[in-house]
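*Asks:* Model the placement of chain B on the given structure of chain A, informed by the hints.
One letter stands for each residue in the lines below.
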Amino acid sequence: MTVCNACRYCEGLCAVFPAMEMRKAFGSGDLNFLANLCHDCGACYVDCPFSPPHEFNVNVPKVLAAVRAQTYEGYAWPRFLAPLFIRNGLTLAAAMPAGIGVFVLSLMLQGHPLRMSQRPAAGGIDFYAYIPHQDMVLLFGLTFLYSILAIIMSGREFWRHIGASPAHTSLSKAVWQALRDAASLRYLDGGGDGCSSALETKRDYRRLFHHMTAYGFLLCFSATSIATLYHYLLKLEAPYAWWQLPVLLGTAGGIGLSFGSAGLLVEKFRRDSALSDKRTRGAEVGFISLLLLSAVSGLLLTLLRESAALPVLLALHLGIVLTLFLALPYSKFVHGLYRFLALVRSAQERQH
Amino acid sequence: MVHLHRRTKTLTDIFDLLVIGGGNAALCAAISASRNGAKTLILEAAPKFYRGGNTRHTRNMRCAHDMATETLTGPYTESEFFDDLLRVTEGRTDEELARLMIAESKDMLTWLPRQGIRWQPSLGGTLSLGRTNSFFLGGGRAMLNALYRTAESLGVEIRYESEVIDIEIRDGRFVSATLLHEGGHRQVRASALVAASGGFEANLEWLKSSWGDAADNFLIRGTRYNRGSILKMLLDNGAQQVGDAKQCHAVAIDARAPKFDGGIITRLDCVVFGIVVNNRAERFYDEGEDIWPKRYAIWGRLVAEQPEQIAYIIFDAPSLRLFMPSMYPPFVADSVPALAQKLGLNAAALQRTVQQFNRAVRLGAFDPGRLDDCATEGLSPPKSHWARRLEAPPFYAYPVRPGITFTYLGVRINKQARIVLQDGTPSQNMFAAGEIMAGNVLGSGYAAGIGMTIGGVFGRLAGRAAANHAKD
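Here the protein sequences come in this chain order: A and B.
So in our numbering, the last one in the first sequence is 352, and the numbering has no gaps at all.
So in our numbering, the last one in the second sequence is 824, and the numbering has no gaps at all.
Just chain A, with the same shape it has in the complex (with noise of 0.2 Å):
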């Protein structure tokens, strides 16, 4: 940071500079700031005349990855918990078969064996034939209530531990300006060249395939409120016909997810090993392939619903989305809250 504040080129890259310059002594807070305000693009890597082999050896992407990771760490809620971070990949590895076995458990106790035949499934394509409905509302609301709010927790501490707000500053402008700034991955773009793994042809893919994912979660995420409402307002049950909201946000979204993360792997291992921290790669890999299976889990269920194979892929979707629920406060999915709370307090610290 003493090389960077001495230097200043890349001030117009991102908004990370400007901060740091702000700033005269570094405390943990500060850091984990910074730390999260960075997108990762790597522009300031291949743009620095000191990064390695210089012997001067900056590499602030690595660096800020590697406070990232403590950031994830050190806010989860409830604190005890915050292990499950160091071992993510293997957290998540292990969760999914638990999730996934759940609803097999589920099905055998509503008596359907597993079995595949040449005929159609016995419920038909009425998927609470196999889970009631009111098991599956339990269930996931009772999961997804945890994670909101141990989400809000850990955003809590966060945002208390960045420092307090500057004074005479509008925090709803400031929220408005972070909104625009993270629904288009404004810092993600390479200080506008476009940001990849493979550094040197500066193409956006990481950007695309970062908005297909977020998207496309959004829609799918849409698709099921929209169908929750339909349940409980309209008493339309599932499954929709395919011209209906929740399965044309939900197949849209699917695709998105799909197509997105498996380009946000692909990227992931064609990015230059220089620039990421060692630590949190397991959690990066297994968030990303938990979204990518439930998308795929989900498409497979949409297309082959009238297909025997429903029951084992209604328990492997479900299963995999149970496990996504309940790990979103304890994997990467939280690097999403704490970049938008950063880009907040950035949006506040320009209003100057």
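Each hint should be verified, as a subset may be incorrect.
Below, a sample of chain A positions facing chain B; criterion: calculated Cβ distance under 8 Å [to be verified]:
no.: 1; residue: 2
no.: 2; residue: 5
no.: 3; residue: 6
no.: 4; residue: 9
no.: 5; residue: 10
no.: 6; residue: 11
no.: 7; residue: 13
no.: 8; residue: 47
no.: 9; residue: 48
no.: 10; residue: 49
no.: 11; residue: 50
no.: 12; residue: 53
no.: 13; residue: 54
no.: 14; residue: 191
no.: 15; residue: 192
Take a look, some chain B residues computed to stay more than 10 Å from chain A by CB distance [said to hold, decoys possible]:
no.: 16; residue: 440
no.: 17; residue: 634
no.: 18; residue: 696
no.: 19; residue: 796
Hint data in this document are derived by calculation from the structure and do not stem from the laboratory.
From the three backbone atoms N, C-alpha and C, an ideal C-beta is built for every residue, glycine too.
*Replies:* Just chain B now, with coordinates in the frame of chain A:
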């Protein structure tokens, strides 16, 4: 003379243009030649990470413009640019080439973005350059990355770690070059040559031949690969010399910087806020002559003339936040003698110098934004502006040494960037751009960002002329 090695192999392709060097000038030449249809090869002596010579450490280019732009705060006319150049060089410039360069610099503001470079407003701490200089977003290495991407997309062939060890020149005409690559020798033929391989600042032996042993204490701010070998080959083979071997861009940089490649983060622009003493704890020059960056570039030479080529910038607490820090922390102590001890200076002598200075200071309205009225009276050498008593502890010091940016001695060129031979005629097919011909425009002195103007403008001209030559 040609000394072809037995193991010499000829590259199978014959190129229209060979560009030796890999910085701003080389890339602008290669890109403009390539856009004019020339099949071009770039030979860069450095490994890929260190490609681009001193361009890696640059951040802006001085270009004339008639109106403010998105990133430039106001007009900077050709005549104002020329006046600035005359002032810094004290008239030691080739007027015809200088005026040509300044006229062509206007077009660089739009040409470079077409090659992938992006401008940004001037960086923090450089407000005084906001009107005259255009800053590269992400700095010089970002600029280079963009130029290399563009060159590659145009089909320019680029070879790293390929040092040219011999050039065959016959009757002032380039024939072939021999390069050292992966232990073997290879020969390259091309219809034209652009020499854009920098100055000789990293060649300590050459520096010593004009500076004597003092050169041992010089630090080289940029690349270790600018050894001037191509410059020497050209001069030995009939190219006309321009400039003086002692002239260079040299500033005072933090003495703790590495021998090579410390770049921008070793610079110290706080001379105007304190006093500067040599290792006898004596002042030796007016620290307040003019504001940064106008007098920034004289301090390298001034320190080079001091014993052991070392000096110390001494200031007190109120000045600490007035300038950009270097990457090294300043020495700090609660009293002047204690500071002297930390620096290894005679405590009584430094105390005496500071007391004499303090007694001579006549209070005025301190203003780092202009030539203020804070000056010394009856002191030799005087401090003519920004003189404030050094009295508020803690006291700080930065040790400084001469940091050479680049040398000015080069080959003479004409308006097409053609190398002029010793008999005064231009070479048919040899061109030069960048530091290797900077002495045509810069006889002495410096103005921020002008090295990049020289490289960009003459690189582009050289590439275009070389492509046209290859077509004929």
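*Asks:* It remains to establish, for every hint, whether it holds in the given structure.
*Replies:* Cross-check of the supplied hints:
A distance limit of 8 Å between C-beta atoms decides the matter here; for residue 2/A the minimum to chain B is near 5 Å, and the interface restraint holds. This hint holds: residue 5/A has a C-beta 7 Å from the nearest C-beta of chain B, less than the 8 Å allowed. Here the hint on residue 6/A is kept, as its CB sits about 4 Å from the closest CB of chain B, short of 8 Å. Hint on residue 9/A holds. Least Cβ distance to chain B is approximately 3 Å, under the 8 Å limit.
The beta carbon of residue 10/A comes within 6 Å of a beta carbon in chain B, closer than 8 Å, and the hint placing it at the interface holds. A least Cβ separation of about 5 Å between residue 11/A and chain B falls short of the 8 Å threshold, and the interface hint therefore holds. Nearest Cβ of chain B to the Cβ of residue 13/A: about 6 Å, under the 8 Å cut. The hint holds. The interface hint given for residue 47/A holds, since its Cβ lies 4 Å from the closest Cβ of chain B, which is under the 8 Å cut-off.
Interface restraint check for residue 48/A: the shortest CB-CB distance to chain B comes to about 7 Å, inside 8 Å, so the restraint holds. Because the beta carbon of residue 49/A sits about 5 Å from the nearest beta carbon in chain B, less than 8 Å, this interface hint is met. Look at residue 50/A: its Cβ gets to within about 7 Å of chain B, closer than 8 Å, so that hint holds up. Residue-level restraint check for residue 53/A holds (minimum Cβ-Cβ distance to chain B is 6 Å; threshold 8 Å).
Against a cut-off of 8 Å between C-beta atoms, the interface hint on residue 54/A holds, since the closest Cβ of chain B lies about 7 Å away. For residue 191/A, the interface hint holds, since its Cβ comes within 8 Å of a Cβ in chain B; the closest pair sits about 5 Å apart. Hint status for residue 192/A: holds, given a least beta-carbon distance of 6 Å to chain B, under 8 Å. Distance check for residue 440/B against chain A: the nearest CB is about 24 Å away, which clears 10 Å, and the non-interface claim stands.
The non-interface label for residue 634/B is consistent with chain A: the shortest C-beta to C-beta separation is roughly 29 Å, beyond 10 Å. Residue-level check passed: residue 696/B sits 24 Å from the nearest beta carbon of chain A, beyond 10 Å. Interface exclusion of residue 796/B from chain A stands, the closest Cβ pair being 27 Å apart, more than 10 Å.
Checked against the numbered hints given earlier, the structure satisfies every one of them.
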